[in-house]
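Asks: Starting from the given sequences, assemble the full structure and let the hints guide the process.
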Amino acid sequence: MPGLTHYLVVSALLFSLGLFAVVTRRNTVAILMGVELMLNAANINLVAFNKYAAPGAMQGQIFALIVITLAACEAAVGLALVLAAYRTLETVYVDEINLMKW
Amino acid sequence: MTGEAIAFYILAAVTLGSAVVVVTSGNIVHSAAALVPGFLGVTGLYILLNAEFVAGIQVLIYAGAITVLILFAIMLTEGGTGLGGRQRNEQALVGATVAAAMAVLLIIVATRTGWTAGGGTLPPYTPGAIGQSFLRQNILVFEGTSIVLLVSLMGAIMTARRED
Amino acid sequence: MGWISDVLRAIVGTIIIFSAVAFIAVMFGVLLERKISAWMQSRLGPKHVGPQGLLQTLADTIKLLQKENIVPARADKVIFASAVIVVPLAALLDYVVIPFGTTRSGPLIFRDLNIGVLYFAATSSLVVVGILMAGWGSNNKYALLGGMRSAAQMVTYEIPMGLALVTVALVAGSLSTVTIVNGQARLWYIVTQPVAFLVFLVAATAEVNRVPFDLVEAESELVAGYFSEYSGMRFALFQLGEYGEMFAMAAMAVTLFLGGWRGPVLPPVVWFVVKLYALIFVFMWVRWTYPRFRIDQMLNFSWKILIPVSVLNLVVTAFFAVVAHR
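Protein chains in written order, with this note's numbering: chain A, 1314 to 1415; chain B, 3 to 166; chain C, -13 to 312.
In case anyone wonders, no lab produced these hints; they're calculated from the structure.
What you are looking at is a predicted structure, and each value in this text was computed from that prediction instead of being measured.
Covered, in the sense of this in silico footprint (three residues per stretch, anywhere, with C-beta under 8 Å from a C-beta of chain B), are these stretches of chain C:
| no. | segment |
| --- | --- |
| 1 | 59 to 65 |
| 2 | 94 to 101 |
| 3 | 109 to 122 |
Stretch-level coverage of chain B by chain C, calculated; a stretch enters the list once three of its residues show a Cβ under 8 Å from a Cβ in chain C:
| no. | segment |
| --- | --- |
| 4 | 30 to 37 |
| 5 | 59 to 65 |
| 6 | 69 to 77 |
Virtual Cβ for every residue (Gly too), placed ideally from N, Cα, C.
Replies: Right, dumping it as structure tokens:
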């Protein structure tokens, strides 16, 4: 029977994979994908705690829904920034964007 | 080995496997396409945790909308043609060490702490309970999130618009 | 080991859905399309194969299976092949929450999820990813253009469809399809929610890429849109996905607005099939009557007309629901 610790281990591994993507990838969109993985890991934690540690209230699921909504907002704004940056700077690789004024 | 345990291990394997493909693939379109089984695996985990409404919203928003957004961004920028570029920067070794250390730390904290089980049971029809909760205790968060959605929608349109 | 019987039941259910949809929806759907279009254009449809042309689609499928499977030289093979799986899979997953009838032991439904309507909206939105992958993986300008236009169209029309679904769920008080059908015992929801019915039909036509919204596979402009490069069995699977999704949308409209399987004398499944084919006839009638929209007209129509209308409908319905409860 999977208990609370099983879900926490899965979410920890997913979080560290997302962290690896954010730290080491060169493409901006890949960094945003890593951020989405980290948000998903946090959501799994919230919902797992709601079921196992505090099942009387729905707070964990409410919190997870709010996080999903805000992740969608942040992905929209982040990808709009990537498109705008590509139009002026002609590149999407973050290590080539190193001038303060173009 | 109950059915729930087998389902959990299969879903965890699908999620973590596709996350590995997302993070390490050299082809960025493959990374974006591998997000979909990852999100569907997380949906399965939510269903095992009796959170059906959150699972439905996860498929609708993550697998249905955010993946499409990411694919559009890849196709409209250089990632579509510059597939031969290096995908990992020079911090790869340090980054891997940091991520592994974070994983070890979180797993040790999760397994060593004695979590106490709370009282009460989950209501059987979660969408109704979530709706009631949004309009009673959590109404401030609900309205705040609506404002954030409006602002980010306007911001994304203004930022990505052509200036001509 | 109760879970083994559950897994077996799920596998049998999957096989039943797949074969039922493949035979009934696609075979009869394609044949109906050709016969109805012929009737509206004052000509005869297929008549040679089988009595009155009934086995025409079977013959077409056998012909398609014999064709060579061509993959373009520099196409991305992984994405090219996996797009073929995603589109029909998402279309077939829609059928899980549709109640086909009722027996003495309960409703004839694969799984009465208590988020049934939300599940339907979610699986309809999974098709978009498959279409983008198909357009990308073909390494073909026309396919990519068709794929991106189709993704933009489907994402835009998901919003009015979702709003129409939410309005009906509001009136019925639940997201479960069985509860919605049971709530129409006295009055069908098409009478109390005509605006939502029209919005849902228009949005469903756009979701399955049918005329007047079929600019993504406009045969005279884009070859075949996102599935230009697919041949043989893969083309058949895409057609399965498209016709399966059309039947699923019609079945959902029957469940939500036309009373599902409710009817006076005949057995419930017969009523369901009659209503389903009536809506399919309406879909095909619209196809052979209207010309095609341009992409800017189509996007304007959704953002500037359908979404405000459906939001207004939702607000008015919510107002009346609150007033009626006091």
